[in-house]
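J.: Now for the letters of each chain:
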Amino acid sequence: MTGGALTILAAITGAFMLFISILIVKSKDLVYASSSLAILGILNAIMIAFLGYYLVAAFLVVVYVGAAVMFIIITVSMLGGKAKEPVDESKGYFTAGAVGASLFLLVTAMAAYLGYARPSNISVTDVSASILESHSLVIGIILLALAATLIEAIAIARRG
Amino acid sequence: MALVDVTIAGIALITSAFMAAIAAYGMTYSKSFIRQLLSIEILFNAVLLAIIVLSALSPASLAAFSIILISVVAGEVIVIVAVIAAYYRVAKALDSSALEEEGV
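Taken in order, these protein sequences are the chains called A and B.
Read in order, the letters of the first sequence are residues 1 to 160 in my numbering.
Read in order, the letters of the second sequence are residues 161 to 264 in my numbering.
Wrong hints could be hidden among the right ones.
[As the list claims (entries may be wrong)] With a straight-line Cα cutoff of 30 Å, these simulated DSS-like cross-link-like pairs (lysine-lysine) come out:
#, chain 1, residue 1, chain 2, residue 2
1, B, K252, A, K28
2, A, K28, A, K91
3, B, K191, A, K26
[Said to hold, decoys possible] From the structure, some residues in chain B lie toward chain A, with a derived Cβ separation under 7 Å:
#, residue
4, A181
5, Q196
6, A223
7, L229
8, V241
These are calculated hints, taken from the structure and not from any lab test.
Using N, Cα and C, we set each Cβ at its ideal position, and we do this for glycine too.
Just chain A, same shape as in the assembly (with noise of 0.2 Å):
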């Protein structure tokens, strides 16, 4: 594929992002909301792969989107996506254009000051060896603490 197709890809991908998010949160369905949470996730993958990191975009959509946003659609079925819900129009609008703006600068800033290099071949082997090799401490802890998260979510939810 050339390189302009690419891009119009990656716009287009981008475009349908931000429409995603827009419905998540304005979509009154609150189920309909964390179904499209589901399609967010893929979108993202899509656009992960553009960036030519194709191992965290499977990973993404395997364990993120399988696993954490199916959770959550079926907890939301559960509990019911209708109830009405009060909201406060004014102050999402400020926080939203006072973070959109200033994530905005220091992304832009950040990108002219670092250049971006596209990832030119990193393999499953290479990611393997990095975890295993450099992480393997932070991986032993993130394994005890899922653990433990498994057991406390299962202990939360019949408690109450």
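Take the given structure of chain A and dock chain B to it, following the hints.
T.: Relative to the frame of chain A, chain B by itself:
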């Protein structure tokens, strides 16, 4: 460095900044726990995208870092949803303004 890479990186950065703004709007605009959780998830997606774009220095290490980040967020989602489910059983509502009234 090819031109297309810079363009796609720019598109991704602009998208992530706007997504962060939408997430901030959702977090402050609604009082529903679920809506606030979904807004935080939009923020997570924006941050992940921005981190990946700004990772010119060490791609392999960044991939490992992103995988760790996704794992931690998956755990965080489980705990938050469990707390919301427990709160719903007690209060029969998904509204954070009730907590503000009680001074929590």
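J.: Find the hints from earlier in the document that the structure breaks and name them by number, from lowest to highest.
T.: 5, 7
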